[in-house]
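Enquirer: What follows is the residue order along each chain.
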Amino acid sequence: AQSVTQLGSHVSVSEGALVLLRCNYSSSVPPYLFWYVQYPNQGLQLLLKYTTGATLVKGINGFEAEFKKSETSFHLTKPSAHMSDAAEYFCAVSYNTDKLIFGTGTRLQVFP
Amino acid sequence: DGGITQSPKYLFRKEGQNVTLSCEQNLNHDAMYWYRQDPGQGLRLIYYSQIVNDFQKGDIAEGYSVSREKKESFPLTVTSAQKNPTAFYLCASSVPGDSNQPQHFGDGTRLSIL
Chain R
365 AQSVTQLGSH VSVSEGALVL LRCNYSSSVP PYLFWYVQYP NQGLQLLLKY TTGATLVKGI
425 NGFEAEFKKS ETSFHLTKPS AHMSDAAEYF CAVSYNTDKL IFGTGTRLQV FP
Chain H
40 DGGITQSPKY LFRKEGQNVT LSCEQNLNHD AMYWYRQDPG QGLRLIYYSQ IVNDFQKGDI
100 AEGYSVSREK KESFPLTVTS AQKNPTAFYL CASSVPGDSN QPQHFGDGTR LSIL
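Chains as they are written, first to last, in my numbering: chain R, 365 to 476; chain H, 40 to 153.
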């Protein structure tokens, strides 16, 4: 079965440090890839998506992600963490269907 | 502004009771979805609908029911058959048939057992 793996259910960084959240998918067929952010007691907001074309995708709030087919990965990064980045982040994929497959999420904590 | 409205934000269910969660969208999307979110488990698909008067079971449909009588509305009923209903429920919508289009989410309903 197709799946999405997010390594690390919790990630902690200091303010100003690099943020790296990992996402790997299981299929040999490249899917469409998405990163969503969820703040407490809210819905999910799209950060960025990869469909085709350039493998480095820029999103909102200074985040970006790089699609690496050889590694079946779509890791999310931000050069300098801000306190407001503290939230839960979900990687999701779709394979030519309307359904999304979500990872289990990574909770990002940012310390001053 | 277009968006998805879920109500109520908090809901309490008594044993043996059915409760209905509301989801309304004004994005003119044909496809709508219901997810259940539990800590550490991500989002799991309960039901989805790609067009009015049609819907399909997702991965965890047991104990839930839906209807899709209008394009804008996709209510979810949590029946008494759902033995562990405490969770955060999220509704989403999208343009169907175009899987690179993102799903848009409401702000969720948190259901608890009294």
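Derived from the structure by calculation, the hints contain no laboratory data. Fair warning: there could be bad hints in the mix.
[Said to hold, decoys possible] Listed below are the simulated DSS-like cross-link pairs for lysine-lysine, each with C-alpha atoms no more than 27 Å apart in a straight line:
1. H:Lys96 - H:Lys122
2. R:Lys463 - H:Lys53
3. H:Lys122 - R:Lys463
4. R:Lys463 - H:Lys109
[As the list claims (entries may be wrong)] Far from chain H, some chain R residues (derived; all Cβ distances over 10 Å):
5. Val375
6. Leu384
7. Ser392
8. Ala418
9. Gly426
10. Glu428
11. Thr436
12. Ser448
13. Asp449
[Claimed, not checked] Some chain R residues close to chain H (C-beta under 10 Å, calculated; not the full set):
14. Asn388
15. Ser391
16. Leu410
17. Lys413
18. Phe427
19. Ala450
20. Lys463
21. Ile465
22. Phe466
23. Gly467
24. Thr468
25. Phe475
For each residue, glycine too, the CB sits at the ideal point set by N, CA and C.
Enquirer: Please go over all the hints and tell whether each is borne out by the structure.
Expert: These are the hints, each one checked on the structure:
no., hint, result
1, H:Lys96 - H:Lys122, "18 Å, holds"
2, R:Lys463 - H:Lys53, "32 Å, violated"
3, H:Lys122 - R:Lys463, "26 Å, holds"
4, R:Lys463 - H:Lys109, "21 Å, holds"
5, Val375, "14 Å, holds"
6, Leu384, "19 Å, holds"
7, Ser392, "17 Å, holds"
8, Ala418, "14 Å, holds"
9, Gly426, "19 Å, holds"
10, Glu428, "17 Å, holds"
11, Thr436, "18 Å, holds"
12, Ser448, "18 Å, holds"
13, Asp449, "19 Å, holds"
14, Asn388, "14 Å, violated"
15, Ser391, "13 Å, violated"
16, Leu410, "5 Å, holds"
17, Lys413, "6 Å, holds"
18, Phe427, "15 Å, violated"
19, Ala450, "17 Å, violated"
20, Lys463, "6 Å, holds"
21, Ile465, "9 Å, holds"
22, Phe466, "4 Å, holds"
23, Gly467, "6 Å, holds"
24, Thr468, "4 Å, holds"
25, Phe475, "22 Å, violated"
Hint violations for this structure: numbers 2, 14, 15, 18, 19, 25, all remaining hints satisfied.
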